[in-house]
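Starting from the known structure of chain A, fit chain B onto it as the hints suggest.
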Amino acid sequence: QQPVQSPQAVILREGEDAVINCSSSKALYSVHWYRQKHGEAPVFLMILLKGGEQKGHEKISASFNEKKQQSSLYLTASQLSYSGTYFCGQGGSRLTFGEGTQLTVNP
Amino acid sequence: DTGVSQNPRHKITKRGQNVTFRCDPISEHNRLYWYRQTLGQGPEFLTYFQNEAQLEKSRLLSDRFSAERPKGSFSTLEIQRTEQGDSAMYLCASSLAMGQLSYEQYFGPGTRLTVT
Chain A
12 QQPVQSPQAV ILREGEDAVI NCSSSKALYS VHWYRQKHGE APVFLMILLK
62 GGEQKGHEKI SASFNEKKQQ SSLYLTASQL SYSGTYFCGQ GGSRLTFGEG
112 TQLTVNP
Chain B
23 DTGVSQNPRH KITKRGQNVT FRCDPISEHN RLYWYRQTLG QGPEFLTYFQ
73 NEAQLEKSRL LSDRFSAERP KGSFSTLEIQ RTEQGDSAMY LCASSLAMGQ
123 LSYEQYFGPG TRLTVT
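For the protein sequence lines, the chains are A and B, in the order given. Numbered per our numbering, the first sequence finishes at 118, counting up by one with no gaps. Numbered per our numbering, the second sequence finishes at 138, counting up by one with no gaps.
Only chain B is shown next, with the shape it has when bound in the complex:
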């Protein structure tokens, strides 16, 4: 059984460039989440999907951020016109959900983004 995988693991980019990250969840999980984590803080929610539908986006997520989960399997997170403040660890998690009940979330190893 494979866990959640994320690619790339590290990304260094120059300010103003676009970046895209990929997340492959645990195959039987129908929910997929994106979080951002900076040093010394807990993960901060960005957005989540149930199957292919994006159900919620954080108000903190600016228009430069977009996420997709086209076939209800893997997901991509794109950041356009990156800024230095975007430097962080981007974590993906997946879980099972039935109705209102949501179960434990399993996190991937993260993509560390550094914007220079």
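Here chain A stands alone, though its shape is the one from the complex:
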């Protein structure tokens, strides 16, 4: 089953923060986060392998709550380059992706 992402879309001004949530109806063993810009391939952001794990990459970080079967992606002090569609993927080998969250950062 496909993970559910929320919100579906968010519009920010440069410098604002955002949170994107990903939840699953089945046990999550790992969560992968990707960003895709229009007309381009998805780009890997980070992978969380264990419950309670948190990771960060520049001003983008994520957490993984295994018990709640949820992961959240945090974007801090957003930049114009953060615009794109963010996907969470669940699974070990084959990934099942959510429908994506479209993030737009305006000047």
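No wet-lab data here; the hints were simulated from the structure. Check each hint, because a few of them may be wrong.
To be verified - Listed below are the simulated BS3-like cross-link pairs for lysine-lysine, each with C-alpha atoms no more than 30 Å apart in a straight line:
1) A:K79 <-> A:K61
2) A:K48 <-> B:K33
3) A:K48 <-> B:K79
4) A:K78 <-> A:K37
5) A:K79 <-> A:K37
6) B:K79 <-> A:K61
Chain B alone, transformed into the frame defined by chain A:
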């Protein structure tokens, strides 16, 4: 270091024709995946290989679709008797895998198929 490459980047074909796409993964990666993506959706898993062995195929993959990875390096995806519903972006990804652990997947630029 080169990333994942796919050819062709675009393919327009008439309904009923066969098409073949090629994917060259990152050289040290032992796993190769095929996904399909339509507008407004996330990538949808089709199949994956570990080395030359095809380990899993999606139930969504009809008999018209076949994939190979003959020497554990590049892979081809063939669609026979194409239908308009096959129009999509076909993405290839590769990763390292050790035992049950699978690491991050790196995607290629995709092949956009349009069936007229």
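field: Violating hint indices (sorted, rising)
entry: none
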